[in-house]
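K.L.:
So the chains spell out like this:
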Amino acid sequence: MIVDGLPSRRAAIRLSIAGTLAGGLTFGCDKPSLQAGQVFTADERETLGAVADTLVPGSAAAGVTDFVAAMLAEPDPRLCYRFVSFPMPPKAFYKLALASFDDLSHAMMGRPLNALAPSQRLGVVEKLAQPNVNGWKGPPTALVYFVLRSDAIDALYGVQEAYTRLDIPYMAHIEPPRPW
Amino acid sequence: MTEMAEADVVIVGSGATGSLLAARLGTAGRKVVVLEGGPPRKLDQMYSSTIWSRDLKWAGPPARVAGANPVTFPFEAGWGQGGSALHHYACWFRLHEEDFKFATVHGTGFDWPIEYRDLQPYYDALQKEVGLSGDKDQEIWRPPGEPYPMPPQPVFRQAQLLAEGFARQGLKTAPLPMAINSVPYKGRPACLQDGWCDAGCPTGALANPIVIFGETMKKAGVETRYNAFVSRILTMSSGRRAKSVEYFEADGTKKTIDAKLVILAAFAVQTPRILLNSANDRHPRGLANSSGRVGRYFTPHAAVNLYGMFAEETENHMGRTGGQLMCQDDYSPGPEQGFVGGYTWRIGAALKLADLGGLANARVDLFGERLKTFMEKASKHLATMSALITNQPSFENAITLTSEKDDNGIPLARLTNTLGADAKKAAQGAIKQGLTIFKTAGANEAWAAPLRTEHMMGGTMMGEDPAQSVTDGYGRTHDVENLFISGPGLMPTVGAVNPTFTASALAARTADHIVDNWAAFAAN
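Those sequence lines, one after another, are chains A and B. So that you can map any letter, position 69 of the first sequence is 69 in this note's numbering, and since no number is skipped, the others follow by simple counting. So the mapping is simple: this note's numbering equals the position in the second sequence, first residue as 1, plus 180.
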């Protein structure tokens, strides 16, 4: 156990195996059937989609919330978060970051992020470029920027359709069984 | 629960050097057991996807990072059979002769306990065994040795453009030596030039431990135990000899295996972590740590990526992730520059859209519509090269244990790294030169990404003096006579080249030494 109150890596593996055996995870289709609602609340889902789409336009429609949620349900998520060595389990990191966005949005605009117009969202998300943001209670802003931008890039540009869209040969040795 | 077993040799880690040693020692008749912390890997599961490729990256206990230039340990390290060599870029350079005499030449850092001439026969033999492509004659900076067994790889437009820029600056370029087939070699096909190296190469064109050593290990009867995460090396009561290796299976079951000889080949972080966690009455500061040097002088390279946008298309999706051409004209500048350190240019890396090294991170500052516009342009017109920069060893840069523990109760590692002043000065010189090269090559715009680190070396360095180093020149620990260390952690200085070729050559030399002296090392 690394952080009190959160499942250890071994416990997470057990939960994943149990979920698979119980039919909670059914792979083999185009994308994992696990939906964002099973990991995030509706508000978190909306906030994640809004932040990601502000950072990388088109990533929400590409399914960034389902992507992050599906990865967080795996014992070893294929997210760029695994590269950053931040001392917090990934799910906790995301939930804290998303809650902090809404807090910031309330402080700046009086409403949650997902209730703002796209141009207003940009004003909130741009704050990530600043190392010290008044009222920000989440993980370091630079880290949040990197992680959420990377997720949005993965969802939109890390899949084969993006290469087709940009007219670049994908040239797979072995195509992945599904986009993520 | 403890299950007793016995082997002649237990090797911890199945990466580049662990697999090499297992193949060599197994072929020599030794009963070899490899303990691999991660899962087995299959070539047909190496999917061409920047997302799926992350399965090959470190997924073991986390490490904490500290210092002004924290390392990206989980990206550098591997997880499972083949270790980091399963996703490495196969840039197989030799260290230069002066790298082995760094202190003598530069008046700082360390000399190695061996010289280039000690390692040259192993470089030469390995490049035939593994299969290297390159051009010795064009690679004018390379120290003495046999020609490469394969011709160089093809060169695509971005590297051609940049080579013109180098030439206009009076700088020489040459094919980058790679452990990737340019032609069919030893039953393995030639590279398809599709830039998926980082996702693992399922064709076997890129030399990874599975395709190079897997069959030999199998024929030699080497047993590999997967999901076997090593926690400690246990010693005889005298403390002078290793007795057994303790490890945990995936379900938390603790086991031990006796061995006549133990080799730690668990990469630059886990090897010192295991040694420090193996402290006992005879080795209160950690096993093989009478010098206090276990974990110390952890020495990543400094590195910087440069990018430029050209009017014409650059074919940046073609080639290999490690690059196409190289330049070492500033590998070891003279004292007139006022600081110690040089660099190697690796020119024309194949780029994918996403992931740490992808197109989108060529401008990490961009988001929104500006990022979208950039991606559309960069996917056809971007070119890149990177400088790999010498970094000097520092006692303060270290792998230490934290008070936090993993699921098995083993303290987590903390990796502290701050790049030296000389490395930063060398990086500034490289950036200035590189931007000029892009300009003279015809780029419309050029820029440098933030300074970063690359590779992980040191932490269990070899040396002649037991008071100042962890192992001798063969990787045998000074303190425990039947305990060896293998991998880039042995390197006292790191030069300005990717370390896998040197780590492998050192391992081949260690293997010969163990085979030749087996009776002495295995005696109780």
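These are calculated hints, taken from the structure and not from any lab test. Glycine included, each C-beta is placed from N, C-alpha and C at the ideal position. Just so you know, not all the hints are guaranteed correct.
For each label pair, taking beta carbons as the anchor points, the in silico distance ranges come out as [what the hints assert, rightly or not]: (1) 288/B / 96/A: 52 to 58 Å; (2) 87/A / 459/B: 44 to 50 Å; (3) 132/A / 398/B: 54 to 60 Å; (4) 87/A / 661/B: 35 to 41 Å.
K.L.:
For each hint, tell me whether it holds in the structure or not.
P.N.:
Hint by hint, here is what the structure shows:
1. In this structure the supplied range 52 to 58 Å is violated for residue 288/B paired with residue 96/A, their Cβ-Cβ distance being about 44 Å.
2. Look at residue 87/A against residue 459/B: about 24 Å separates their beta carbons, and that is not inside 44 to 50 Å.
3. The given range of 54 to 60 Å is respected by residue 132/A and residue 398/B, whose C-beta atoms sit roughly 57 Å from each other.
4. Checked against the hint of 35 to 41 Å, the pair residue 87/A and residue 661/B passes, with Cβ atoms roughly 39 Å apart.
Of the numbered hints given earlier, the model fails hints 1 and 2; all others are met.
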